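**Student:** If you read the sequences in order, they're chains C, U, R and A.
Heads up: the first sequence at position 18 corresponds to 298 in the working numbering, and the numbers run straight through without jumps.
Heads up: the second sequence at position 150 corresponds to 430 in the working numbering, and the numbers run straight through without jumps.
Heads up: the third sequence at position 211 corresponds to 218 in the working numbering, and the numbers run straight through without jumps.
Heads up: the fourth sequence at position 328 corresponds to 335 in the working numbering, and the numbers run straight through without jumps.
If you are wondering where the hints come from, they were derived from the structure by calculation, not from laboratory data.
It should be emphasised that the depicted structure is a prediction, and the values quoted were computed from it without experimental measurement.
There may be inaccurate statements among the hints.
Unchecked claim - Listed next, with one range per pair, are the computed distances between beta-carbon atoms:
{"no.": "1", "chain 1": "R", "residue 1": "V220", "chain 2": "U", "residue 2": "A671", "range": "29 to 35 Å"}
{"no.": "2", "chain 1": "C", "residue 1": "D422", "chain 2": "R", "residue 2": "G70", "range": "47 to 53 Å"}
{"no.": "3", "chain 1": "C", "residue 1": "T590", "chain 2": "R", "residue 2": "P43", "range": "29 to 35 Å"}
{"no.": "4", "chain 1": "R", "residue 1": "A211", "chain 2": "U", "residue 2": "D439", "range": "35 to 41 Å"}
{"no.": "5", "chain 1": "U", "residue 1": "H403", "chain 2": "A", "residue 2": "G145", "range": "33 to 39 Å"}
Claimed, not checked - Residues from chain U shown here face chain C by an in silico Cβ test under 10 Å; the list is partial:
{"no.": "6", "residue": "P328"}
{"no.": "7", "residue": "H403"}
{"no.": "8", "residue": "A523"}
{"no.": "9", "residue": "Y534"}
{"no.": "10", "residue": "G535"}
{"no.": "11", "residue": "N581"}
{"no.": "12", "residue": "A585"}
By construction, the Cβ of each residue, glycine as well, lies at the ideal position given by its N, Cα and C atoms.
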Amino acid sequence: MSGVPRLPAPQPTHEEVLVMTVLEQPGAYAPAPPPSWRPRTDAGPLLPDTEPYRVLGTRAAGRREGSGPEAELLRRLYAAVVRGRRFNEQATALTRQGRLAVYPSSRGQEACQVAAALALREHDWLFPSYRDTLAAVARGLDPVEVLSLLRGDWHHGYDSPGTRVAPLCTPLATQLPHAVGLAHAARLKGDEVAALALVGDGGTSEGDFHEALNFAAVWQAPAVFLVQNNGFAISVPLAKQTAAPSLAHKAVGYGMPGRLVDGNDAVAVHEVLCEALDRARAGGGPTLVEAVTYRLEAHTNADDATRYRTDDEVEAWRAHDPVTLLEHELRGRGLLDEATVREAEEAAEQQAAKLRERMHQDPSLDPTQLFAHVYAEPTPQLRDQAARLRAELAAGEETR
Amino acid sequence: MSGVPRLPAPQPTHEEVLVMTVLEQPGAYAPAPPPSWRPRTDAGPLLPDTEPYRVLGTRAAGRREGSGPEAELLRRLYAAVVRGRRFNEQATALTRQGRLAVYPSSRGQEACQVAAALALREHDWLFPSYRDTLAAVARGLDPVEVLSLLRGDWHHGYDSPGTRVAPLCTPLATQLPHAVGLAHAARLKGDEVAALALVGDGGTSEGDFHEALNFAAVWQAPAVFLVQNNGFAISVPLAKQTAAPSLAHKAVGYGMPGRLVDGNDAVAVHEVLCEALDRARAGGGPTLVEAVTYRLEAHTNADDATRYRTDDEVEAWRAHDPVTLLEHELRGRGLLDEATVREAEEAAEQQAAKLRERMHQDPSLDPTQLFAHVYAEPTPQLRDQAARLRAELAAGEETR
Amino acid sequence: MSTATRQPAAQPVDRKPATMGQALGRALRDAMADDPDVHVFGEDVGTLGGVFRVTDGLAAQFGPDRCTDTPLAEAGILGTAVGMAMYGLRPVVEMQFDAFAYPGFEQLVSHVARMRNRTRGRMPMPLTVRVPYGGGIGGVEHHSDSSEAYYMATPGLHVVAPATVADAYGLLRAAIASDDPVVFLEPKRLYWSKADWNPQEPDAVPGIGKAVVRRRGSSATLITYGPSVPVCLEAAEATREDGAEGWDLEVIDLRSLVPFDEETVAASVRRTGRAVVVHESPGFAGPGGEIAARITERCFHHLEAPVLRVAGFDIPYPPPMLEQHHLPGVDRILDAVARLQWESDYTESPGSAEGRGGGVV
Amino acid sequence: MSTATRQPAAQPVDRKPATMGQALGRALRDAMADDPDVHVFGEDVGTLGGVFRVTDGLAAQFGPDRCTDTPLAEAGILGTAVGMAMYGLRPVVEMQFDAFAYPGFEQLVSHVARMRNRTRGRMPMPLTVRVPYGGGIGGVEHHSDSSEAYYMATPGLHVVAPATVADAYGLLRAAIASDDPVVFLEPKRLYWSKADWNPQEPDAVPGIGKAVVRRRGSSATLITYGPSVPVCLEAAEATREDGAEGWDLEVIDLRSLVPFDEETVAASVRRTGRAVVVHESPGFAGPGGEIAARITERCFHHLEAPVLRVAGFDIPYPPPMLEQHHLPGVDRILDAVARLQWESDYTESPGSAEGRGGGVV
Ligand SMILES: Cc1ncc(C[n+]2csc(CCOP(=O)(O)OP(=O)(O)O)c2C)c(N)n1
Ligand SMILES: Cc1ncc(C[n+]2csc(CCOP(=O)(O)OP(=O)(O)O)c2C)c(N)n1
Ligand SMILES: [Mg+2]
Ligand SMILES: [Mg+2]
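Could you put together the complete structure from these sequences and hints?
**Tutor:** Dropping the structure here:
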């Protein structure tokens, strides 16, 4: 990977042996305790705080006014969540117009999406799930390419190695070990690269979540895991998903820090992710971040959320909207004049209009491309099948 | 299941909804916080102690002299570990005599094996792995039947429903969800039954470990998970397996208590398991117990442990031998006279001799039984295949 | 273990249009009502009633302990189902989509399929694994797999795929009543297919393992199952209407891939002398290979042409906008029928075939 | 991506007996020496050198970052390998035993096999998955599975199984050099098989996808791969020595199941007119079905008899004391050859076959 900042040679990963965790205890039977008994790692610092970390609207934000977060970052986040909100609306509208096969909206989760994108440095990688189109778009990718999977013209539309955004991943949690492997590989190569992987609350129940976090911790891989706990896995509420005090409490079981953050507070999420990514890039190992947020729309346009949750609950969360929270903060600090608002909204509208226009053009597809990338070289059998399909298509052309 | 003690009707499992874990925080932006924000479960009681729990040879044991553990239990445990040690030796010898295909010895882990077996009540279930033959034998199963898998005459030899010991499980951690499902089923039926599942330190890295513990906690299933952390997964030491402060620290991430215990202290393991099983049977949910122990022999007779660990380490652990620890305690408390020692050793020798003798008889096997239990009714294809094999066998008989 | 099945009601009731999805839901409801050991669980099967609404109403009727939303973990679902079956329950689990059953593969292959055999019959696995499967509904990646080849290659599993409303009900009841594990493949694109049907008096369906001739014919046999059954029937009708070729095609619906009903298939092919196997799953190492090989073994001297296969291509399932090119359709089936060597009877002059040498006969 | 392969050394060195295990280890070592992007990892592959010692010495020579003991989690191994491949490495992972690859099935099917296709070639998966596989070594349950049917049915994977010392080296080098994922099935019971071989000048082996005729013959073709190759060769020799039947059997070693070398197989069967497919994996829905069906499609008019199959039974792999009854042996192979209808030439009188009716021709 050219142009990637280089790290000092990586620390030996497996040599510096962590040892068995039994402490000597004064007792009458004592022969000298076995040599591999040493004091354990201290669990304390790995445990999450008891309350989700927040900046917006708190005294913490007030106290920071002098130092940070600077106005610039607030404004960038604001513009991005406004654009993000509009993007979600537009994409949902495209499903109604038959231009997307399906859209899992991140409405209500824009703070997480945008903060994730902006927290990344150029050479970092993002590992999104199907719900994280917005994160990819906020990172600067072409929205039409990002929507390829959900439009249905191909499984994946953008240049992953070029953009350093892995394909939107559908099988839950399966992208997490990819992030770990990639981060580990980068570290082995001495590149200063971190990987940020996104997963839902439901996804934390999958075995792949467990295996990925364990590998990351053992390898001290520069990976950060952001759980967007939006309260539901389709219809299943968090209470049926886990009995844990918080999802961030899973971290200590792997030996990495767990952080809990208000997922509707873009500044807080951004700050926590930046910190974790910095630590990762510097060789400090992985972090698990749980962002508490809420999915304001149904699971996808095909879902009927009224079957499993009340309007009241949704309304209550609307009052904690990530866009409003940020706007309120900016206004309160005198950082938002009407011009800035108008500018942000116009930019959002323009992006949406352009997207709409481009998505209303039918993609031109060549069905024989189905055989082109199954292997580097098609097998003889695939060549046969491609030829047969070509013949069918030609025959179809003729009869048309 | 007849004769099983009945519980009062189970509590509704999913109705009493645990809710999202975000606390209100005083802040300037505050509209009323969403209604689903409630104080979280307290993580504190779920965290393991900082030192493995011990009884033998500690002041704790001294203090207990009046109340418990009573002499009777100590003597039972002692007799059982002596028998267990001898059983391990005999089984290993049988591999050298070609009478077992393989034997994964639990030498050094007898305290865990025996304590697990004795902690169970009649209607409880045990879910052992391939290393836990001794636990099954200590529960009173026929050793020859228990060794069927490792002898190679069949995959499994004893009556699982009858003995309430699931088959020795080879694919790591895959027996854990079985234990959860069974415990949950028993609870749904109102039976007062707990399931104790055994797994190794290596096995905790598998996705099935994660999924099983999560289901158990969400369902509040009466299941107890005993991790025998014997320091190695074949050649891989714990430090390459996990970076966690302890394996017991994984519990909090599921919302169940984690307990750390000296796995070579039979009394401590027994006590911790009894407590956890009682809690489980009473509807208090699952527990994760990590027992810190050591595998004194190679992984199996086919393994060469000198490739990955030093004699020094093994020697040090020999000095912390579970049999010696118990014997020392009993002697120190005047509970062990020479007659008792002789009696225990003779019983162990008798069991071993009988086992040796029976294992030296070739089992009589009918190869056509291979088709008998693939399905309740063999398919037509299997009937054909069985007939063909029968014909081959008959032809072979003739030419003999 | 209960094998009770619903008795027909006393007085006949009118048949009304029902969808396959409704018939499946009814089968679950009736099975749960008849046997308290039947438990339904999986992702979103409770409150939501499943993403295809097949389990709709079950949680309300039987309570959340009989129809349960689980955490999101397929191995956990199958693994706990194994434990529940060990305690005498009859779990019916749902894998939300075909490709999302793969995380549970280990539990399915190593335990669900093998527990009875391992314990010599002492621990049966009366477990039904419902899998909405196959393509044709515009699903994005991982939502349209045909995974039956994996299950067929796993001894110890029954593999069933209904194609009609009546079979959906009858076979699911049979699957739940079976003391063996059944992978029950529900063709997603047939969920909304309709037929006149009476839930009070459901049509009798023979037990698992019996194929059925859906259309009698004499020219050649189309052998298929699940989502391709209506396509084959359409092909058979098309060629009759078309008239030109004058083919009268027999269509066999296998209903279950395991056990495989060799007798029905062989009898048909012996009669017609020609056969095409049709399925959506990729051709290479797919069900068609086994079926064609087995027919050839049993009917070699009755075959006028090699048994041909019309299958999905040997590719990962395509994106929605291209799936119609992948799925076996009427044209492709009739093309294959046309290649069944109608012109000449090669088999009468085997000596003339080119390229053979060094024969020993 | 490097596709460098080792150049033959200048001066010839004597060939010495080597085991297949040693040749595989040497292939790994040479690949790692030639390409710093080749990383080996898995359970116990480092310090221990693997339970079959195939990776012995690699950690010592290349350090623990190039040959790494992982935590015990097969999905984690395959999943992190995917990520490493995304960053340009060439991972070679070991699944400790066949049946212990199943927990990684999801990663293998949904990502390893599909990433190239998903990304239209932008993210190739140059990943080798080594799987010690098959029976015959007295392994207890889960240690003797033949799982190739699963991999063959998964578009996007190459499936390779060597049968000789030279092929073990050459095919493993080719697998590692391949820009596509290869499931590399190492027949466990051949690990200790020996041949004269020179690691300095390893025999040239054609790339993945080429079968080889291991023994020329004219009477019938035995088609096989991996652990059954020596058995088929023995059967061929036995019948010659035996003399009675006078069969001269051709033996084809497929070497790779995907890509499948139809040309070599079809050419042989066209010549001999008879074929038997032999493998250890269960017969039903196993590799033999595909192979037999394909041969029949290609060679129908050259066949004197249906292509027969000799395979493992359709059962979970048996316990050690019974495995000899399950494994296809010389007798069972020769029995199948005997059933290839040597007596009469039925094909000459197709009209006489009983049970056919309603033909249209
Ligand atoms: C392995 C797997 N199983 C099931 C599904 C089907 N599915 C898609 S989204 C979803 C819920 C996911 O919930 P969560 O992880 O909380 O993410 P969210 O949708 O809330 O962002 C399910 C069950 C899947 N995609 N992958
Ligand atoms: C799923 C799976 N993967 C790999 C193996 C091969 N294997 C058998 S034992 C073992 C090590 C297990 O270590 P641990 O869990 O600590 O148990 P111990 O052997 O120390 O009792 C491995 C890797 C297996 N049995 N199952
Ligand atoms: Mg969610
Ligand atoms: Mg261990």
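**Student:** Look at each hint and say if it fits the structure.
**Tutor:** Hints, verified against the model:
no. : hint                        : result
1   : R/V220 / U/A671: 29 to 35 Å : 33 Å, holds
2   : C/D422 / R/G70: 47 to 53 Å  : 50 Å, holds
3   : C/T590 / R/P43: 29 to 35 Å  : 32 Å, holds
4   : R/A211 / U/D439: 35 to 41 Å : 38 Å, holds
5   : U/H403 / A/G145: 33 to 39 Å : 37 Å, holds
6   : P328                        : 9 Å, holds
7   : H403                        : 25 Å, violated
8   : A523                        : 3 Å, holds
9   : Y534                        : 6 Å, holds
10  : G535                        : 3 Å, holds
11  : N581                        : 24 Å, violated
12  : A585                        : 14 Å, violated
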